[in-house]
Amino acid sequence: MYSIEGLSGTTHPWMEDLYDNLDMIFVASGPLFEAPRQVAPIVKQIPGLTIKPESKLNFSNVDIFDFLERSTQGVVLFSLGQTGVGGGNYITSEFKEKLIQGVLGTPFNAVIHLDPDLVDFTLKDPDRLFFGKWLPNQEILAHPNTRVFLSHVGLASFQEAMFHNVPILAMPTFEDQFEIAKAIEDREIGEVIWDKAAITRLKSLKNSWKWPAMASILGT
113 MYSIEGLSGT
123 THPWMEDLYD
133 NLDMIFVASG
143 PLFEAPRQVA
153 PIVKQIPGLT
163 IKPESKLNFS
173 NVDIFDFLER
183 STQGVVLFSL
193 GQTGVGGGNY
203 ITSEFKEKLI
213 QGVLGTPFNA
223 VIHLDPDLVD
233 FTLKDPDRLF
243 FGKWLPNQEI
253 LAHPNTRVFL
263 SHVGLASFQE
273 AMFHNVPILA
283 MPTFEDQFEI
293 AKAIEDREIG
303 EVIWDKAAIT
313 RLKSLKNSWK
323 WPAMASILGT
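With the working numbering applied, the sequence shown corresponds to residues 113 to 332, in that order.
Just so you know, the hints here were simulated from the structure itself, not pulled from any lab data.
Worth double-checking, as some hints may not be accurate.
When the alpha-carbon atoms are kept at most 27 Å apart in a straight line, the in silico BS3-like pairs for lysine-lysine are as follows [claimed, not checked]:
#1 K294 / K168
#2 K156 / K208
#3 K236 / K168
#4 K168 / K156
#5 K156 / K245
#6 K236 / K210
#7 K208 / K236
#8 K210 / K245
#9 K164 / K245
#10 K236 / K294
#11 K294 / K210
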């Protein structure tokens, strides 16, 4: 372990020393969002640390807000968080193409977390697709025109989508995301793509009242 140099230029204690002198640990989890679990007395669960009510949110990106406002038919939000570091450097061209074609096959517009410079110009459709290397996920989730969240289901993304009542189409890739995906199924707040067989099963949702927007995406 190494010491951490703060923004002020000062050097903080070694991590081993910090571990030996902990008085309290605050974690952004809790039974509201996850299965109950035993924790040490010094651990205090505070779920939803990143969540803000709609009245407290402020769109700093006017372009995204205008796109959402005019997308009255509904919007799909796609973001893999740090799984797509740099807005898509580690997402294959084939995946990008299929994702975009899939969205364009639905009646919905889409806000997509991909660096525009990494997307082939032939796939861009400014009227229906908005690309961003960085996106204000929570502001987008809180917008009334957002219908579905295609997500890697990191903890913050999961909690924010649940709070803002946006159904999730989960694509877990590693670590706690699989546990969160199971919680999504258990709470019936979305669906999970576990494998190719799951895609076939989920396409049966096309005529379902439950997730009409999600079903439209899966049916393409």
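Run the structure past the numbered hints and jot down the numbers of the failing ones, going up. As far as the earlier hints go, 1, 2, 3, 5 and 10 are violated by this structure, in ascending order.
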